[in-house]
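Asks: Sequence:
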Amino acid sequence: MKAVTITIANGSKATIRDVAVPLFAHANAYHTNNYSFSVAEMFGASVTGFAICPSLILPVTGPFDSIPGPLIDELMAQSETEGRENAHQFEHQATLRNLPVVTRVIRAGASDASQHFASLARNFDVSVVPQAKDGDNDFAEATVFGAGRPAIIVPYIHQTAISLSRMLVCWDGSRAAARAIGDAWPLLERASSVEIVSVGNKDKLADSHYWLGEHFAQHGVTARLTVLDPADNDVGNVILSYAADAGTSIIVMGAYGHSRTREWILGGVTQTILKTMTVPVLMSH
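First residue of the sequence shown? That's 1 in the numbering used here, and the numbers climb one at a time after it.
Because the hints were derived from the structure by calculation, they are not lab data.
Where is the CB? At the ideal position from N, CA and C, for every residue including glycine.
Among the clues, some could well be false.
Cβ-Cβ distance ranges computed for the label pairs, FRET-style [as the list claims (entries may be wrong)]:
id: 1; residue 1: 13; residue 2: 100; range: 37 to 45 Å
id: 2; residue 1: 41; residue 2: 204; range: 36 to 44 Å
id: 3; residue 1: 227; residue 2: 268; range: 13 to 21 Å
id: 4; residue 1: 175; residue 2: 227; range: 14 to 22 Å
id: 5; residue 1: 213; residue 2: 192; range: 32 to 40 Å
id: 6; residue 1: 133; residue 2: 227; range: 28 to 36 Å
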């Protein structure tokens with residue numbers, strides 16, 4: 001077995017060295033790709049685009065069982081050609097920005113494409129993925145829960161580069177929230193403004209708020225604390241409404257869910273944020 005030498009770079013701030021991106025042909029992919037480039041530019045990181053070409057799903061019996069083999073081969077080749085074109089466009093755009101870039105075209109089962117990307121994303125500091133839209137295969141959900149690494153999810157309405165002008169950190173004292181903060185330090189340490197937001201009982205979280213403030217101070221980050229009243233509203237909507245009013249540029253939060261067979265049953269707040277986000281969200285599980 002060939003030995004691999006790993007060099008760990010020392011520095012005063014946490015950083016991001018490599019970014020993974022799933023490549024698609026739809027319009028939102030263009031904005032997601034550009035966002036990933038801006039992340040890489042901010043940290044001097046490399047970007048790797050994975051064009052995952054899903055195989056066709058054909059029923060064993062029925063009208064499709066008479067489809068000629070050559071036609072199936074043609075459809076498969078068309079899928080791979082599209083993947084290669086997506087990879088080419090991604091590489092071209094990254095090269096124009098003088099970014100180190102790698103692309104790969106990978107075939108996967110149609111039902112496994114998002115899980116396949118999630119497994120690849122385990123080898124990167126962060127992934128940048130699009131918000132699911134109109135029943136798309138949800139790469140965001142699969143990556144958040146399957147990669148073990150943070151994912152920045154880009155809303156389909158978002159068209160600008162990464163901004164750290166005003167970061168909002170969701171805090172409820174949970175393991176998932178703590179994990180998200182740990183994963184977000186490269187961004188938090190470079191942010192112009194950081195606000196920790198909790199929803200609900202201020203007294204219940206008073207102790208963790210104190211220690212969290214101390215923890216941020218150890219990283220040289222001054223964070224303002226805000227406790228919001230849910231007022232019988234969905235917590236996810238409370239957070240998104242406050243983020244919009246505050247001019248938040250990116251949200252940091254832990255993702256909640258549990259696995260049932262191969263599907264993730266999402267927590268209410270996580271589901272709301274994934275479906276209705278209007279600003280990028282860094283999520284960790």
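Asks: Hints first: check each against the structure and report whether it holds.
Replies: Verification of the supplied hints:
1. The hinted range of 37 to 45 Å is not satisfied by residue 13 and residue 100, whose Cβ atoms lie roughly 20 Å apart.
2. Look at residue 41 against residue 204: about 41 Å separates their beta carbons, and that is inside 36 to 44 Å.
3. At about 19 Å, the beta-carbon gap between residue 227 and residue 268 stays in the expected band of 13 to 21 Å.
4. Between residue 175 and residue 227 the beta carbons are some 20 Å apart, a value that agrees with the proposed interval 14 to 22 Å.
5. At roughly 18 Å, the beta-carbon separation of residue 213 and residue 192 lies outside the given 32 to 40 Å, and the hint is violated.
6. The given range of 28 to 36 Å is respected by residue 133 and residue 227, whose C-beta atoms sit roughly 33 Å from each other.
Hints 1, 5 from the earlier list are contradicted by this structure; the remaining hints agree with it.
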